[in-house]
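Undergrad: Take a look at the letters that make up each chain.
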Amino acid sequence: MGDKLKRYAINTIKTLILPVLVIALFAVLTGGRSLSKRMLLVTARQSVMPIIISMALVGNLTLGMWDFSAGGVVLSAAIIGGNLMKLTNTGTAGLVVICLVIGVVMTTLTGFLNNRLRVPTIVVTVGLVLIYETIPRLIYPGGVTITAKYTFLASSPYCFIILAVMFVFFYLLYNKTAYGHNLRALGGSREIARSAGLKASRIIQTGFSISGIFLGIGAVLHISTNGQLLTVSALGSVPLIFEPMMGVFLAFFLSRFCNLTIALVVGTFTMTALTNGLVALGLPATMRSITSGLFLLILLCISGNQARIIKWREDRKRARMLDAKHNT
Amino acid sequence: MKKLMRSICLVLATVMLLTCLVGCGDEAAPSATESPSGFATPTPKPASDDPGAEGGEEASGSKIKIPDNLPRYRIGVMYYTFTDKLGSQMKNALDYLAGSFNVEFVYIEATWSSEAGIAALETTLQTGLDGVIAVTSGVPFVEACKKAGDVPCVSIQIEPIDEQVAKEMAAYDNYLGAVCENDFQVGANAIDALYASGVRNLGIVGLTPGLARSHDERIRGVKAALEKYSDMKLVAEDYTMAEYSKSISSFAAAYPEMDGMFCSQGVEAIYQTMNTEGLIGDVKLATVDISESTGDYFDNGTLVSIAGGQYGTTMIGFAVLYNYLYDGTRIIPDTSVTLRRPFVEVKSSNEYEQYLKYVDSSIPVYTVDEIAAMIHGFNPEVTFETFTKSADEYSLADIVSRHSGLF
Amino acid sequence: MLTVKKISKAFGPTRALIDVDMEIRRGEIRGLIGENGSGKSTLASIIAGAQFADSGSFELKGKPYAPRNMVGAQNHGVSMIIQEMGTIPGITVAANIFTGRLEEFTRFGFINMKAINRRAAELLQEIGAGDIHPETLINRLNFEERKIVEIARAMVANPDLLIVDETTTALAQRGRELLYRLIRRLHEENKSVLFISHDLHELMSICDTITVLRDGIVIDTLEKEEISVDRMRSLMVGRELSGSYFRSDYDGSYSDEVVLEAKRVTSGILEEFNLELHKGEILGVGGLSDCGMHELGRVLFGIDKPITGSVTLKKNNVQVKDPHVATKNNMAYVSKERDREAIILNASIKENVVLPSHRQLRKVLGLITRRSETNLTNKQIETLRIKCRNGKQICNELSGGNKQKVVFAKWLGKESDILILDCPTRGIDVGVKAAMYKLMTELKAQGKSIVMISEELPELIGMSDRILLLKNGRLQAELRRSPDISEKQIIQYII
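Protein chains in written order, with the numbering used here: chain P, 20 to 347; chain W, 50 to 456; chain E, 48 to 542.
Same shape as in the complex, but just chain P (with noise of 0.2 Å):
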């Protein structure tokens, strides 16, 4: 028992200790203006989003497989959704339930489409993204604008309360169902998985299915935090899953000390603290952007190394010790 929680402590240690080194580096930076407790509660409300589009791609990622119309999703939902809210007058609950509904239409779609064409998923997706632009743009060209009335949901505690019924979704349904250790099972090896009676489409098609309940959220999330959102073309929407996607990354390194789904919160909003840390320091946006990605490329350069390192360490300790024992 003793082994357990001290085995649980240095783990809890490993995977929070990122986010904290951030916000005390920062905090000192810029003399502790990025370490007010506004900030720490602006950081993680802004993170509310990413953690959950992330929740979306992290299925797919795991088969190996980029989701690029995931913007897209989003985008047309929020779009489409905000405008027919308006048009059946049904309030923030008639927003929630048509941006799931036009979610998970979308990425059933996708599902389908990435089993029957045969061809890699990012070649899927990127195609479909281009169409996912354009619904929206067909039906309501002027994009949607809605009132504050509608918006409450992207502000503090009602996001909070978002991410913590997604957050329990998530943690039952990737570690707690068959679907979930499938999933990683198809990931870890889709030939020895498929000998072992596992239906790879139907895994793959419940994925994306399920990935639309996310991106239906991260919808409403959207359009509440923006209020106004225009039609945009030409994987205009793709910058949408750029954070996601880096937070999917530093949780699959964070993954090795704790579960995914606390992984996806505190890799991502890592990566918000990291942005608004660089704001607080008045870097300006092409900075910003060089150093996240920076930091992302060494953090998993490091991660994907570090065998190497401990081995190449140790090997040289073995050899100073040899080479004195040869030299006596």
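Among the hints, a few may not be true.
Beyond 12 Å from chain W on every Cβ pair, some chain P residues (computed) [unchecked claim]:
#1 I29
#2 A112
#3 V115
#4 P139
#5 V163
#6 V184
#7 H345
As a list, the in silico DSBU-like pairs of lysine-lysine whose alpha-carbon atoms are at most 35 Å apart [what the hints assert, rightly or not]:
#8 W:K406 - W:K438
#9 E:K161 - P:K25
#10 W:K282 - P:K56
#11 P:K344 - E:K362
#12 W:K272 - W:K396
#13 E:K368 - E:K310
#14 P:K33 - E:K375
#15 W:K406 - W:K134
#16 E:K352 - P:K336
#17 E:K362 - P:K330
#18 E:K310 - P:K330
#19 E:K518 - P:K336
#20 P:K218 - E:K110
#21 P:K218 - E:K238
#22 P:K105 - W:K406
#23 W:K195 - W:K272
#24 P:K168 - W:K134
#25 E:K361 - E:K426
#26 P:K344 - E:K53
#27 P:K336 - E:K362
#28 E:K485 - E:K361
#29 E:K108 - P:K218
#30 P:K336 - E:K368
#31 W:K438 - W:K396
#32 P:K218 - P:K25
#33 P:K33 - P:K195
#34 W:K195 - W:K134
#35 E:K53 - E:K480
#36 E:K52 - P:K218
#37 E:K518 - E:K326
#38 W:K406 - P:K168
#39 E:K368 - P:K330
#40 E:K535 - E:K326
The set of hints was computed from the structure by calculation and includes no laboratory data. The beta-carbon is built from N, C-alpha and C at its ideal position, and this holds for glycine as well.
Given chain P, work out where chains W and E should sit, using these hints.
TA: Relative to the frame of chain P, chains W and E by itself:
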């Protein structure tokens, strides 16, 4: 089951293909097009009616007579998008003029990529245009018009990036000049308004530098004006495309002393974020581009100054072009010099009401007669000075005084 | 238990199985042997539901049996442990064992991990691997332990017929013992086992009966009393093969000239190891699987950099720092990890064979002609009797032993002077083993030098001029070639 799946796939694939074609067709096409290639195609406008004048009437006793049987001109109008507020105002204003001047406007959406814009323009030029008004500048633009048969062209809202380019463009015969808003001045005026309202710790939120020259000029104006006030300081600034709300949230958290903000573009997200962050009442705002929330934020004391009405520039640009088309008059003598015009600046709820009535209504900021009065072929007295005088006078008060009899 | 009726299977023009008839009785341990490409694994995989037969039928326990997939076969009581690695990385031991069956532990949509872990622990305990924890991530286990997990997975459905497809080559002593215990237990429970192996002695000790396949046809089924190594060998190759197929001479002489020297080499468990390889010598290196001999092979060829010491080619006094230097100086290396390191599975036989020989094949202006590639490939196919359609066949389609032949062919084609062979005859049938040993003898006679790393003691004794025995990374003994060397003698040094 397999057969059913195949049928579903076939139907879906067909739907996808059609959607692509229709959607892509929207990219560089004017509204309501059915171009199978997806490139811009003309949208014929009714030739003889005057479609724009709903509700209001033209001023009686106008001095300028527009001749009958005006020649038909086909003019390309290129802008980022005609579905946002400014774009739609621009389109409405030109549609309003189309019938009276017997002009068919062909609307070309440039999106936010200059390369895509030029490509769309070149394609549309092939369909035969008599003139071009475009939100673009630079030698490639005038070259494209020249190659299509020396098509005369006017830049609006964007001027040559520097003197050298201005001179190069001026060397082209078919280039008639640039008509732009005075972005520098609007930035400076915003700071004056913020200072007057008591702001001493300013935050700036803008577009990524280099992305839009107009925004860069606004920021330049802001910073120049800041130097006038020794007791007003810049506490935070951020220039990120489309991430205004994040910037504002971060400012609010990191700089609680901030009591005023200038945003180079008044997107709805700004208001939304200020609301979410609880900045209403604590932080004053000055921005550009009037939107639906403008009235509310004047009412709650957040807005101190907002600028808009830029579509007037487009109408002047049309006048410059039409002068040339009708009788060869080059109204701007030295095309290397930009004709600058002010924004319509609104500073209170009352002024906003007036803005809605006189600027954002069925009668645009210039009536048919007022534009006709700027055409040398109809009014031999018109000169470049006429234009500059009209520009100097242009303001909300000016519009109200000119059009009060129309409502 | 199982009746196989006229099963046939073809892969293109290659007929893998031709009208195979076989009956396995309840409680019988049936061995299945044959040369590489004889159809053993094909038959096994068809029975286990991994692929379909072209014609023929099965009866299992008196009822028609036609599994659609491996899970279907398992549900009918037929499980298989495959030759290659069959665990899924990134998930736990328990999840690996129960992949595809998690729904059995699901209630209201949620799985009961405790129950899965508990059942997995019970299973592992039952097969004698109770030290493997079900919650351990599979990546943390070594190769043998993962194979044991596969065995546990095969036992999940409590099969009536267990197929073991050349699994023991991947297992060390512990794993083999575990498997043998399991087989004996199944036998006691009146269940059946189909055991495929190249190790004839192993087959003799385990099996009740042995079926011999050759070229897709059942040649004979030997009852216990008829089984002998010579009999099996001759049935497999279709000719009498008596006596040993190793070197017949006991002249362990070689030149004094040292061609390759390793001084104070340390890598992994290997510690400050010294080695001198002479011209015309077959230097055997043996020990238990983890004694450091495989690390030695990698260091000699420059794949792994030693922590201390160096490896030097004495002719040009060149230090072997990486495989590029090694191949440039006419060294060759046959890795133990064939599929991962020694052969490009998705490439053709020709592409694999000519790969290290481009420099030799270059003509005018550095161009390589198709004819020269084809000639080289065909020569190697003939020399090593590689069973294939032609040189264009993709290596993935070859049987395990034929893949190993392609690996060998690659280096023979290059006419390398120094060959580092790590378990060169693993998974190779007796007929080709004999041919390979003959080849090694010829290479020795040509003055080539060979380091032969092997876990098979008879092979070491039968082929080496000198044997270096390792234990825990250090040299324990050096034995010179002699008819008096016995396995018993060697074992006392290595264990």
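Undergrad: None of the hints should be skipped; say for each whether it holds.
TA: Here is how each hint holds up against the structure:
1. I29: 32 Å, holds
2. A112: 20 Å, holds
3. V115: 18 Å, holds
4. P139: 17 Å, holds
5. V163: Violated, since 10 Å does not exceed 12 Å.
6. V184: 20 Å, holds
7. H345: 60 Å, holds
8. W:K406 - W:K438: 24 Å, holds
9. E:K161 - P:K25: 22 Å, holds
10. W:K282 - P:K56: The hint holds at about 25 Å.
11. P:K344 - E:K362: 31 Å, holds
12. W:K272 - W:K396: The given pair, whose Cα atoms are some 20 Å apart, holds under the 35 Å limit.
13. E:K368 - E:K310: 14 Å, holds
14. P:K33 - E:K375: Violated, at roughly 47 Å.
15. W:K406 - W:K134: 16 Å, holds
16. E:K352 - P:K336: 15 Å, holds
17. E:K362 - P:K330: 33 Å, holds
18. E:K310 - P:K330: 22 Å, holds
19. E:K518 - P:K336: 23 Å, holds
20. P:K218 - E:K110: 27 Å, holds
21. P:K218 - E:K238: 30 Å, holds
22. P:K105 - W:K406: 25 Å, holds
23. W:K195 - W:K272: 39 Å, violated
24. P:K168 - W:K134: 22 Å, holds
25. E:K361 - E:K426: Satisfied, since the Cα-Cα distance of roughly 31 Å is no more than 35 Å.
26. P:K344 - E:K53: 68 Å, violated
27. P:K336 - E:K362: 33 Å, holds
28. E:K485 - E:K361: 27 Å, holds
29. E:K108 - P:K218: 29 Å, holds
30. P:K336 - E:K368: 21 Å, holds
31. W:K438 - W:K396: Given that 35 Å is the threshold and the Cα spacing comes to 23 Å, the pair holds.
32. P:K218 - P:K25: 40 Å, violated
33. P:K33 - P:K195: Satisfied, since the Cα-Cα distance of roughly 24 Å is no more than 35 Å.
34. W:K195 - W:K134: Answer holds: W:K195 to W:K134 is near 31 Å, not above 35 Å.
35. E:K53 - E:K480: Given that 35 Å is the threshold and the Cα spacing comes to 31 Å, the pair holds.
36. E:K52 - P:K218: Holds, at roughly 30 Å.
37. E:K518 - E:K326: 26 Å, holds
38. W:K406 - P:K168: 26 Å, holds
39. E:K368 - P:K330: Cα-Cα ~19 Å, so holds.
40. E:K535 - E:K326: 29 Å, holds
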